[in-house]
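Top to bottom, those sequences are chains A and B.
Those letters in the first sequence? Residues 1 to 115, per our numbering, in order.
Those letters in the second sequence? Residues 1001 to 1115, per our numbering, in order.
Calculated directly from the structure, the hints in this document are not laboratory data.
Honestly, I wouldn't trust all of these hints.
Cβ-Cβ distance ranges computed for the label pairs, FRET-style [claimed, not checked]:
1) B:His1041 - A:Glu66: 15 to 21 Å
2) B:Thr1086 - A:Gly16: 35 to 41 Å
3) B:Thr1015 - A:Ser60: 18 to 24 Å
4) B:Asp1054 - A:Gly16: 46 to 52 Å
5) B:Asp1054 - A:Lys77: 17 to 23 Å
6) B:Thr1082 - A:Ser84: 37 to 43 Å
7) A:Asn41 - B:Thr1082: 39 to 45 Å
8) B:Gly1040 - A:Glu66: 41 to 47 Å
9) A:Arg42 - B:Ser1084: 21 to 27 Å
10) A:Asp9 - B:Thr1115: 27 to 33 Å
11) A:Lys114 - B:Ser1065: 44 to 50 Å
C-beta atoms are modelled at their ideal positions from N, C-alpha and C, and glycine is treated no differently.
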Amino acid sequence: AQSVAQPEDQVNVAEGNPLTVKCTYSVSGNPYLFWYVQYPNRGLQFLLKYITGDNLVKGSYGFEAEFNKSQTSFHLKKPSALVSDSALYFCAVRDGGNAGNMLTFGGGTRLMVKP
Amino acid sequence: DAGITQSPRHKVTETGTPVTLRCHQTENHRYMYWYRQDPGHGLRLIHYSYGVKDTDKGEVSDGYSVSRSKTEDFLLTLESATSSQTSVYFCAISDIPPKIGYEQYFGPGTRLTVT
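Pulled out of the complex, with its shape left as it was, chain A reads as follows (with noise of 0.2 Å):
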């Protein structure tokens, strides 16, 4: 079965810093691998994907991410965040075997930006 870790459920960092959101997964086949933000009160917004290619991938808003195949991770980066980028992030991943096309979604990071 397919899993996803968020290791820290809040990550603070000071706005113009880099930061990032760490994510690692486990799944049998190749991976599909999705980050997600949500703000308050709002339905979860796309960000970007890993599907095959370039190992970085670069999303909306100035993220990106990065997959790493030996460390089974796809950690969440920006090179300077913004106080609008406080919010709740999620990771999630698809099972190529997957007839639902389901995702397991990690159990989330709030991202705190503070000036």
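Starting from the structure of chain A, add chain B where the hints point.
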């Protein structure tokens, strides 16, 4: 929110009453999902659909039923609401290549309170 609406957006109901939540999409995507989001539990899949009249159970399906009579509508019914079903409910849609690349898109959510 990617052509997805949920109704109602807020509902307060009494224990023992039936409740139906509606998800409507305008994207013509094949797959539809119902999740619940609770503090400390992240997102949990209730039921999903892989086509009209084709549905299956998710992780936390007890006490819930679903129906999909048209591509665009996916209904979630709480047969007899209990206080443990107080939660925020999200609908999501997805499809596979070549339509889109496996990611799910989420609706704005329905906040349900069972008193």
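Comparing the hints with the structure gives:
| no. | hint | in the structure |
| --- | --- | --- |
| 1 | B:His1041 - A:Glu66: 15 to 21 Å | violated (28 Å) |
| 2 | B:Thr1086 - A:Gly16: 35 to 41 Å | holds (40 Å) |
| 3 | B:Thr1015 - A:Ser60: 18 to 24 Å | violated (41 Å) |
| 4 | B:Asp1054 - A:Gly16: 46 to 52 Å | holds (49 Å) |
| 5 | B:Asp1054 - A:Lys77: 17 to 23 Å | violated (39 Å) |
| 6 | B:Thr1082 - A:Ser84: 37 to 43 Å | holds (38 Å) |
| 7 | A:Asn41 - B:Thr1082: 39 to 45 Å | violated (24 Å) |
| 8 | B:Gly1040 - A:Glu66: 41 to 47 Å | violated (29 Å) |
| 9 | A:Arg42 - B:Ser1084: 21 to 27 Å | holds (24 Å) |
| 10 | A:Asp9 - B:Thr1115: 27 to 33 Å | holds (30 Å) |
| 11 | A:Lys114 - B:Ser1065: 44 to 50 Å | holds (45 Å) |
Of the numbered hints listed earlier, those contradicted by the structure are 1, 3, 5, 7 and 8.
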